[in-house]
Amino acid sequence: MSDLLPIAQAAFEPDTGDTAWMLTATALVILMTIGLGVFYAGLVRAKNALNTFMMCIAALAVVGICWALVGYSLAFGGTGDFIGNFDYAFLNDVGFGPYAEGQTIPHLVFFAFQGSFCIITAALVSGAVVERMRFSAYLVFLVIWSIAVYPVMAHWVFGGGFLFDGGTLDFAGGISVEMGSGFSALAAALVVGARKDYGRQALLPHNGVLVLLGAGLLWFGWFGFNGGSGIGTGNQSVLAFANTLLTPAAAIATWFMLDAIRGRKVTAIGAATAIIVGCVLITPAGGFVSPGWALVIGVVGTFPCYALVAWRPRTRVDETLDVLAVHGLAGFLGILAIGFVAQEAWNGVEAAGLAPNGDGLFYGGGALLGDQALAALIAPAYAFAATFVILKAIGFVTNLRASQHEEAIGLDVVYHGEEAYPTGEGAILVSTEAGVEEPRPVADAG
Amino acid sequence: MKLVIGIVRPEKANDVLEALYRAEVRGVSISRVEGHGGELDRVETYRGTTVKVGLSDKVRFEIAVSDSFVQPTIDAISAGARTGEVGDGKIFVVPLERAVRIRTGETDQGAVTPVGGAS
Numbered sequence: 082m083s084d085l086l087p088i089a090q091a092a093f094e095p096d097t098g099d100t101a102w103m104l105t106a107t108a109l110v111i112l113m114t115i116g117l118g119v120f121y122a123g124l125v126r127a128k129n130a131l132n133t134f135m136m137c138i139a140a141l142a143v144v145g146i147c148w149a150l151v152g153y154s155l156a157f158g159g160t161g162d163f164i165g166n167f168d169y170a171f172l173n174d175v176g177f178g179p180y181a182e183g184q185t186i187p188h189l190v191f192f193a194f195q196g197s198f199c200i201i202t203a204a205l206v207s208g209a210v211v212e213r214m215r216f217s218a219y220l221v222f223l224v225i226w227s228i229a230v231y232p233v234m235a236h237w238v239f240g241g242g243f244l245f246d247g248g249t250l251d252f253a254g255g256i257s258v259e260m261g262s263g264f265s266a267l268a269a270a271l272v273v274g275a276r277k278d279y280g281r282q283a284l285l286p287h288n289g290v291l292v293l294l295g296a297g298l299l300w301f302g303w304f305g306f307n308g309g310s311g312i313g314t315g316n317q318s319v320l321a322f323a324n325t326l327l328t329p330a331a332a333i334a335t336w337f338m339l340d341a342i343r344g345r346k347v348t349a350i351g352a353a354t355a356i357i358v359g360c361v362l363i364t365p366a367g368g369f370v371s372p373g374w375a376l377v378i379g380v381v382g383t384f385p386c387y388a389l390v391a392w393r394p395r396t397r398v399d400e401t402l403d404v405l406a407v408h409g410l411a412g413f414l415g416i417l418a419i420g421f422v423a424q425e426a427w428n429g430v431e432a433a434g435l436a437p438n439g440d441g442l443f444y445g446g447g448a449l450l451g452d453q454a455l456a457a458l459i460a461p462a463y464a465f466a467a468t469f470v471i472l473k474a475i476g477f478v479t480n481l482r483a484s485q486h487e488e489a490i491g492l493d494v495v496y497h498g499e500e501a502y503p504t505g506e507g508a509i510l511v512s513t514e515a516g517v518e519e520p521r522p523v524a525d526a527g
Numbered sequence: 335m336k337l338v339i340g341i342v343r344p345e346k347a348n349d350v351l352e353a354l355y356r357a358e359v360r361g362v363s364i365s366r367v368e369g370h371g372g373e374l375d376r377v378e379t380y381r382g383t384t385v386k387v388g389l390s391d392k393v394r395f396e397i398a399v400s401d402s403f404v405q406p407t408i409d410a411i412s413a414g415a416r417t418g419e420v421g422d423g424k425i426f427v428v429p430l431e432r433a434v435r436i437r438t439g440e441t442d443q444g445a446v447t448p449v450g451g452a453s
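Sequences listed follow chains V and L, in order. All you need for our numbering is the position in the first sequence, starting with 1, plus 81. All you need for our numbering is the position in the second sequence, starting with 1, plus 334.
Hints listed in this document are in silico derivations from the structure and should not be mistaken for laboratory results. The structure presented is a predicted model; accordingly, all values stated were derived computationally and were not measured. Among the hints, a few may not be true.
Cut-off 30 Å, straight-line C-alpha distance, at most; resulting in silico cross-link-like pairs (DSSO-like, lysine-lysine) [as the list claims (entries may be wrong)]:
#1 L:K346 / L:K336
#2 L:K346 / V:K277
#3 V:K277 / L:K424
#4 L:K346 / L:K386
#5 V:K277 / L:K336
#6 L:K386 / L:K336
#7 L:K424 / L:K336
#8 L:K424 / L:K386
#9 V:K277 / V:K473
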């Protein structure tokens with residue numbers, strides 16, 4: 082696996098089962114970005130619902146393009162320690178052959194699958210800056226971030242970088258996706274600053290049903306996210322798929338219990354949050370731990386995340402949708418959990434020559450815990466520092482924020498000229514598709 | 335005894351409530367209304383359909399006060415609601431013929447005086 086040179090395309094016959102599943106898994110991960118838009122839109126006020134959703138749609142567009150141009154190559158080209166090269170820039174040499182020896186799917190499918198990860202990671206970061214960031218500044222941020230941050234971290238763990246070579250285990254992106262987005266979100270919240278009414282007024286979710294629906298779509302998509310991260314239909318993929326059912330279930334039940342103890346009521350927005358916490362906890366560990374330990378990770382990992390979600394709004398840091406608690410912290414815990422409870426008997430990474438250590442501390446493998454701890458320290462530091470610098474730099478050139486007046490009106494009307502819930506009352510028709518030129522009053526505004 | 339009606343921006347409603355509280359004005363009703371007060375129309379486009387939206391969301395405060403409280407109430411609403419842009423709203427003061435507190439049957443002055451407060 083350490084030799085990542087693409088082999089000749091002519092002799093390659095892809096495995097149809099693996100390829101079919103990876104095509105499906107890619108589509109599932111793309112659906113997650115839409116699910117995230119639904120989830121985030123429900124969590125903000127009605128006047129910002131479209132803008133918040135559009136931040137996710139923008140990631141699909143901007144990051145999708147950047148990934149094809151250079152992002153993919155920086156993540157998966159070459160075997161440099163820190164970052165890839167430009168071998169695959171502009172999709173050069175990305176075709177129907179395999180990406181690396183041993184892979185059973187065409188390179189193009191691998192490219193698309195990994196691209197869907199970069200897209201959702203960038204979209205996740207938007208949760209820290211919703212309801213006040215300027216849309217154009219956000220688009221610029223997406224371009225730079227999706228080239229300078231995600232591909233670097235993905236290269237470390239998936240593309241032959243130093244964590245990959247060192248034996249750190251990360252099944253589906255606890256480092257690049259979850260810690261990458263969570264700690265970037267913290268930096269973004271600090272640089273962009275709090276919403277003008279934060280801490281002064283109650284800023285409440287405008288639609289709890291959207292929040293639950295979005296969380297459900299995310300979970301559904303996560304079966305492709307984790308289940309596809311074995312790049313096929315092997316045992317690790319099957320294990321990760323089953324674990325993606327178990328850990329969120331345990332997380333929801335634990336969240337119910339903590340809610341009941343704290344406020345005597347089990348909350349729906351809390352349950353939606355717990356689904357995501359559970360999915361994130363098992364993201365890095367999915368293909369490495371037994372189903373039993375997946376349940377335990379869901380229970381134990383939920384406690385710190387719950388505490389951070391409860392505590393963060395009491396601080397001055399308006400990390401609005403708690404990306405740090407739900408993704409950064411849960412990803413951190415999942416990465417560490419591998420160092421304790423991974424089992425070679427379940428993951429088989431040593432036998433397959435994928436990594437030097439398949440057993441965690443509880444099964445006699447102390448070295449693995451060290452590799453996991455190294456990743457858990459370096460990944461947050463890089464994500465935070467790089468995002469901080471990028472946003473500061475953009476802030477020198479242009480405004481990062483909407484004006485106070487625009488923030489008061491709501492960003493849907495200001496940036497998109499639309500409302501999420503227009504009534505049509507008082508709206509005067511200016512033109513229609515039928516080509517009516519004369520303004521025709523439909524309601525008397527007088 | 336007057337009825338003070340203040341029509342303000344929805345995003346300033348909390349500031350008005352806070353200012354009224356500081357001015358010790360108690361007993362407020364609010365409702366959400368839509369109106370047009372000379373501010374610029376906003377243009378919205380939904381695919382091929384472009385519309386000018388002439389009505390903006392507003393919040394309407396209704397406060398019945400004794401004569402000595404009229405000015406403080408006006409001041410509080412003004413201070414809380416002003417942004418300086420067109421569309422900040424209006425305050426109307428209208429004479430109030432009668433007021434009855436349902437719980438006690440108190441009328442007029444007694445009815446608009448907060449429980450335990452000075453007239």
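Given the hint that K277 (chain V) pairs with K336 (chain L), test it: the Cα-Cα distance must not exceed 30 Å. Since the Cα atoms of K277 (chain V) and K336 (chain L) sit roughly 35 Å apart, the hinted pair is violated (cutoff 30 Å).
Mind checking the alpha carbons of K277 (chain V) and K424 (chain L) for me, to see if they're no more than 30 Å apart? Distance ~25 Å between K277 (chain V) and K424 (chain L) Cα, so the pair holds.
For a C-alpha distance cap of 30 Å, please report whether K277 (chain V) and K473 (chain V) respect it. 20 Å, holds
Check the hint pairing K424 (chain L) with K336 (chain L) against an upper bound of 30 Å on the C-alpha distance. 16 Å, holds
Would the pair K424 (chain L) and K386 (chain L) pass a check requiring their Cα atoms to be no farther apart than 30 Å? OK: K424 (chain L) and K386 (chain L) at ~23 Å, within 30 Å.
Pair hint K346 (chain L) and K386 (chain L), alpha-carbon separation not exceeding 30 Å: 24 Å, holds
Given the proposed pairing of K346 (chain L) with K277 (chain V), does the C-alpha separation stay at or below 30 Å? With Cα atoms ~12 Å apart, K346 (chain L) and K277 (chain V) stay inside 30 Å; holds.
What's the verdict on K346 (chain L) and K336 (chain L), does the C-alpha distance respect the 30 Å limit or exceed it? 23 Å, holds
For a C-alpha distance cap of 30 Å, please report whether K386 (chain L) and K336 (chain L) respect it. 37 Å, violated
Hint violations for this structure: numbers 5, 6, all remaining hints satisfied.
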